[in-house]
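Enquirer: The task is simple: from the sequences and hints, build the whole structure.
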Amino acid sequence: MASRSSPLAAVLVGAALASGCRWHVSDVAYGGTWAPGDAAPLAAEASSRADVLAALGPPDVVAYTLGDEVLVYRRAAHRGSDLRFLVPDPGLNFGRPGLEELAPELDRPEDFSSEAPTIAVMRGILEFAFGFVNPAGADEAVSVHSRRLRWDVVRVVLDRETRVVRSIEVYRGIPGGEAAQVSEVGGP
Amino acid sequence: MRGMQMRLSHLPRLLLLALVPFASSCVLAHTTDGNGLDPLRVERIVPGTSTRADVTALLGAPDEVIYSNKEHDPLFERAFRYRRTNTKQTALFLLLFSTFRSETRWDHVVVFFDDAGKVENVGVALDRDDAEYGLAF
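Taken in sequence, the protein lines are chains P and W.
For the first sequence, this note's numbering begins at 3 and goes up steadily by one.
For the second sequence, this note's numbering begins at 3 and goes up steadily by one.
Some hints here could point you the wrong way.
Claimed, not checked - Using C-beta positions, here's what the derived DEER-type ranges look like:
#	chain 1	residue 1	chain 2	residue 2	range
1	W	D131	P	A37	15 to 21 Å
2	W	F99	P	A37	56 to 62 Å
3	W	R54	P	A42	30 to 36 Å
4	P	D70	W	F99	18 to 24 Å
5	W	E134	P	L68	39 to 45 Å
6	W	E134	P	A48	36 to 42 Å
7	W	P41	P	V13	54 to 60 Å
8	W	P41	P	G69	33 to 39 Å
9	W	D65	P	L10	30 to 36 Å
10	W	T58	P	L151	21 to 27 Å
11	W	E73	P	L85	50 to 56 Å
12	P	R150	W	R54	39 to 45 Å
13	W	D116	P	A65	15 to 21 Å
Hints in this document: simulated from the structure, not taken from any laboratory.
Quick reminder that beta carbons are idealized off the backbone N, C-alpha and C, glycines included.
Expert: Right, here's the structure in full:
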């Protein structure tokens, strides 16, 4: 008897643990394909806007002050893993199939008339199936985790009249993680 | 009685099998923002020659107009930006493990104009097709 119940208990405990804790691996890349090193050939008081565009491509931000033209390049990335604790939403979704009778005061619009019968039927089946899987929760569980995008940023300041570079600042955020490095190639 | 015990002994496996469809999922998502930029059309933008009208005739209306007017000056269209985004996302959710990968690339062109309204510089990065599906490891 014990041999029969222990696998069942293991399955149930495993399923309970699995719904509450998960190891998550993510890889996110956003932005241009330039690298901070691409700014190395640029020099203050020498490089032009054309040189900047040739080295780094089109800027993500173009801004103007009274005397400057500022080009900003940004790219983001995240690669790492974290442990996620999934906490079910404590709020009951009374709109779920099977629970609607608990809250008869909820106003449910009857808007199925504009839908094709096949779509309405399929929607009903999906809602019923999802409500069966998670009848007491809302659409999403709450996931407690952290993910921080790292940014590489290059800021190039040009003279807005001559289009010559005044200064270049490079902010390396992606490879080093916590340690941010700011290097200023040139200044006024 | 023995047959009943045999059926009960399969119960954990059947339960586990029944859980599998609800415990795992795989997602491939592809999101695009506008059509890609034609490299041949971008190449026809010639600094010193092409005008704003030429640029819009080649690439259409810009996604962003960048102004450079000083205070009290009339608006001056200093640059046009064209950016068409392409995002591919891959997600896999298992019982104890999940993975998510998202890659966003874009076709991006910024055209600068001089005071006469002719093209002065062009910045081009056509990386939209570089976005790929894949796992995060």
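Enquirer: Hint by hint, say whether it matches the structure.
Expert: Each hint, compared with the structure:
| no. | hint | in the structure |
| --- | --- | --- |
| 1 | D131(W) to A37(P): 15 to 21 Å | holds (20 Å) |
| 2 | F99(W) to A37(P): 56 to 62 Å | violated (32 Å) |
| 3 | R54(W) to A42(P): 30 to 36 Å | holds (34 Å) |
| 4 | D70(P) to F99(W): 18 to 24 Å | violated (50 Å) |
| 5 | E134(W) to L68(P): 39 to 45 Å | holds (44 Å) |
| 6 | E134(W) to A48(P): 36 to 42 Å | holds (38 Å) |
| 7 | P41(W) to V13(P): 54 to 60 Å | holds (56 Å) |
| 8 | P41(W) to G69(P): 33 to 39 Å | holds (36 Å) |
| 9 | D65(W) to L10(P): 30 to 36 Å | violated (58 Å) |
| 10 | T58(W) to L151(P): 21 to 27 Å | violated (34 Å) |
| 11 | E73(W) to L85(P): 50 to 56 Å | holds (53 Å) |
| 12 | R150(P) to R54(W): 39 to 45 Å | holds (41 Å) |
| 13 | D116(W) to A65(P): 15 to 21 Å | holds (18 Å) |
Checked against the numbered hints given earlier, the structure breaks hints 2, 4, 9, 10 and satisfies all the rest.
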